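**Q** Below are the chains, spelled out letter by letter.
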Amino acid sequence: MKRFPNQIIRLIIPFVIIIAGLLIAKKFLVPASFGKLGHFRADALGEAMSKPIHYVGQQACADCHDEIVKKKAASYHKGVACEVCHGPGSAHVDSPTENKPPAPRDRGFCPVCHSYNPSRPTGFPQIVTVTHNPGKACISCHNAHDPVPPHAPEQCGACHGDIARTKMASPHVDVPCTVCHETPTEHRMNPRMYVPTIPANREFCGKCHAKDAQSAKEIPRIDMGTHGERYVCWECHYPHLPQVYNGAAK
Amino acid sequence: MKISENLSRREFMTRILDFAKKALIALPFVSGFGAVKAFTGGAFLKTAEAKELVAYDPSQHLYAMGVYIDRCIGCGMCARACKKENNVPQEPFYFRTWVERYQILKEDKTIVDSPNGGIDGFPETTNKADVLRSFFVPKLCNQCKNPPCVQVCPVGATYKTKDGVILIDDKYCIGCRYCIQACPYGARYLNPVTKTADKCTFCYHRVVKGMKPACVEVCPTQARVFGDLKSESSPMVRLERMNKIRVLKPDLNTEPKVYYVDLDGEVS
Amino acid sequence: MESLNERLMSALQQVSGYIYPNEIELHWSLLIVIYPFITGLVAGAFILASLEKVFNVKELTPTYRFALLTALSFLFVAPLPLLAHLGHPLRSYEIFFTPNLSSAMAAFGFVYAWYLMAVLLLEVWFEFRKDLILWAREERGLIKWIHRALALFSTDVSEEAVRFDEKAAKIITVIGIPSAFLLHGYVGFIFGSIKANPWWSSVLIPIVFLASAIVSGIALVLILYTIVTLLRSEKIDMKCLDRLVEFLFYAVIIDFSLEVLDFIHRLYQSEDSIKILSQMVCNKLFVSLVIMQVLLGTVLPAIFLVFFRYSRFPEELRRLAYFISALLIEMGIFCTRWNVVIGGQLFSKSFRGLTVFKVEITGFEGILMSLALLALPFIILFVVLKILPPWRISSLPVDKN
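Protein sequences, first through last, are from chains D, H and W. Using our numbering, you'd call the opening residue of the first sequence number 714 and step up by one each time. Using our numbering, you'd call the opening residue of the second sequence number 65 and step up by one each time. Using our numbering, you'd call the opening residue of the third sequence number 944 and step up by one each time.
Hints may be right or wrong, so weigh each one.
Said to hold, decoys possible - Restricting the straight-line Cα-Cα distance to at most 27 Å, the calculated cross-link-like pairs of lysine-lysine (DSSO-like) are:
1) Lys764(D) x Lys294(H)
2) Lys813(D) x Lys294(H)
3) Lys235(H) x Lys749(D)
4) Lys148(H) x Lys791(D)
What the hints assert, rightly or not - For each label pair, taking beta carbons as the anchor points, the in silico distance ranges come out as:
5) Lys1301(W) x Thr189(H): 19 to 29 Å
6) Thr896(D) x Asp194(H): 31 to 41 Å
7) Val1302(W) x Tyr951(D): 51 to 61 Å
Stated by the list, open to error - Calculated Cβ distances over 10 Å to all of chain H for the following chain D residues:
8) Ile725
9) Lys740
10) Ala794
11) Pro801
12) Asn846
13) Ala871
14) Asn914
15) Asp936
Honestly, the hints are just simulated from the structure, not real lab data. Quick caveat: nothing in here was measured; it's all calculated off a predicted structure. Idealized CB from N, CA, C, for every residue including glycine.
Isolated chain D, as found in the complex (with noise of 0.2 Å):
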């Protein structure tokens, strides 16, 4: 055995120093806590728990305005929260005096929901706000905590207004909507709680379009017997606009 090399000697030195300096660097500066509850600062996770809330909930509003949220909570507007409109309420509930939560009783808030969107589910009531009583604040109709429309509308176009506009060009135009749904009167009133029927079947259609049916020469017939009949008619024909024949004009 040769004599131990002399060079490993001096590099051991400086990689012990540089070693051992890293480790007494660790201690301190890897935060306490850390790795007890896995690999991070456990302390980050009740500094998460411990931020500020600004959204209160609607039971606190509860706790005072009780009146109010019980009137809200039989509404159409029972799922709507009272911060929606109102805001963030942590600054009211901390001093109620002080900071006044807002109210807003212009035009430009409640469209925000109920502006006309054809992205936005069907039978969600929406208005166009350019036609639907221009320059008038919604408030002065609709009480927002319990909305419903202030008077029965005489036409459904008023609130079917699409379906409306595309009945005029088809030749159902002098159709009235009653005649294929029969609408409760209560439906002006609460749209969705009475619901206007639909036609169940093509025997339906059949009444005016059958060969042999009691209805005015002019109109279109078919055969039940052949004429698609394992179908029903609305599969190919919109009635809104019957013309249209498998989404393109015939």
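Mind docking chains H and W on chain D? Use the hints.
**A** Relative to the frame of chain D, chains H and W by itself:
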């Protein structure tokens, strides 16, 4: 979590104790005003309240969010409330949650947009006659079961809690942005104020106190649902039971915990 | 100076299609282009050096020590772009002390430390120890003390000790080759392991990075060797240069084949991201990828190299052609890094739109900073060459046992 038939005595005791803890936490909410005030009083909780939080046991919960696509009206209330609740910078480049509009046109073309995250509404951009179908999709951090962001964080500044929420330690994050690159959903951004990564936390500071996340709180149509998958009475369990659900980018095996009901195949 | 908001606002105007709202800010900019570029140069220069030591390519002896010192100078700078790009540079120590073992990036601390401390510094030390001692013996003043200190005050230049140095250097080189592969392959893995990003996510990326690293390292040593030798008014060893060019050509061919393979594979598999990626390549990356990286940075210099290597032109012309080709290749490799790093962020992860990248001039991530970082290794190399001139041979003999 199924209730086992042979409940050992020890387990039994733990559950009893746990129930007691939960009852203790729930108490302030029942008692209402004063307690809520206490939670919101200062910028941070005082020691007494912090101690109360210690009673919270993350391993007893597993949080998830559900989104009913057909209920979303694209009002943007969620994105707006989120920015307020979590001090997200107001500029249109930083979102913890946002709403996308999908318009699928007749000529095999899909238009997606999210102007200012949907906060300012969605102006009409296409001819209605060209649209086959259209809908809104709220997006947020998916709180993945296999989070790629946690996997790539070099220092352990982003982590998964036992209740399934991915959090960021803004005092430890070095701002390397690797997590932002690794997130397939674009859910993360670099907060220009703190210079650290930031994203949705399911409003962790709220949910540990039994409250709903701010976006769920303000959703006017209940398109967003939040709940605890480990609780039998959770609205999330009902959602999972009653609907066909889908998650975003399932092929990446991130296993998201934001479940979409009636999600269109076009959504990416 | 444009504020961040103004920059993002103007980027927002130029977005085409749909990108997630958080994607408007491009998170990895110029500095992260420079980082893999520099580590690539380190790995490449080291692998070149190892050719002489391990594989006994004798023609390359004039560049051996030079390549080692080049690698060392660039390695000192390699972590700086990363550091400068962090949101909190002062917290960077966390990567050493609490590394998250599942993170590719956390390995950086260890890979870097290993490569610097266990490979390059050790090899340079064993390589120069004998000379340091002998130089110190015939010097006076400050430089004598610097050389003595660098030799860690060892004085043993017996034949036995010198033999040990040589053996140690050889062993370290053998360890160093896989380490160099690790260093740059790992940088590739940082990108290749991101499954969310189809432009990056590829098993070939680490290998492509490695091949391009070797290309860039050889080209860099060729450029520096030519310049430094001319500056010293010495004669360039044409045999060495020819051999360098041969290796450079092989490396370019391997690198290019791998990249083409990756490209064809993507095109053939045609996954859901293919539409947006081809849109990006045809528009946003056309100049930097097709023209600068492929045509000017790979095909043209490769043709040049072969043509001039086997032509009978006078030496000066050949040298010039080699030099220009190497410069073009270096530009091409920089574009490779650019296309990977910036390209990977130009398309939305929704695969529905493209964004833009505007380079800042000033600022922490701007061009000026980047130029400074690119110039720094050359300054360090200048100093290192002053202290450890690789060509200086001591007139004193080695001690006899």
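**Q** Over 10 Å to the closest beta carbon of chain H is the bar; see if Pro801(D) clears it.
**A** Violated: least Cβ distance 5 Å, not greater than 10 Å.
**Q** Asp936(D) clear of chain H by more than 10 Å, beta carbon to beta carbon?
**A** Since the minimum Cβ distance to chain H is about 32 Å, Asp936(D) lies beyond 10 Å and the statement holds.
**Q** Against the 27 Å threshold, does the CA-CA distance of Lys235(H) and Lys749(D) hold or violate the hint?
**A** Within the cut-off at roughly 17 Å; holds.
**Q** Should the label of Ala794(D) as a non-interface residue stand, given a Cβ cut-off of 10 Å to chain H?
**A** violated, 6 Å
**Q** Does the Cβ distance between Val1302(W) and Tyr951(D) fall inside 51 to 61 Å?
**A** holds, 55 Å
**Q** Once the closest CB in chain H is found, is it more than 10 Å from Ile725(D)?
**A** holds, 30 Å
**Q** Against the 27 Å threshold, does the CA-CA distance of Lys764(D) and Lys294(H) hold or violate the hint?
**A** Given pair Lys764(D), Lys294(H) holds - Cα atoms ~25 Å apart, limit 27 Å.
**Q** Report holds if the minimum CB distance from Ala871(D) to chain H is greater than 10 Å, and violated otherwise.
**A** holds, 20 Å
**Q** Take the C-beta atom of Lys1301(W) and the C-beta atom of Thr189(H), compute their distance, and say whether it sits inside 19 to 29 Å.
**A** Because 26 Å falls inside the window, the suggested range holds.
**Q** Quick one, are Lys148(H) and Lys791(D) close enough, alpha carbons at most 27 Å?
**A** With a Cα-Cα distance of about 23 Å, the restraint between Lys148(H) and Lys791(D) holds, given a limit of 27 Å.
**Q** Does Lys813(D) pair with Lys294(H) here, judged by a C-alpha cut-off of 27 Å?
**A** violated, 39 Å
**Q** Checking a non-interface call: every C-beta of chain H should be farther than 10 Å from the C-beta of Asn914(D). Is that right?
**A** holds, 27 Å
When each numbered hint is compared with the structure, violations occur for hints 2, 10, 11.
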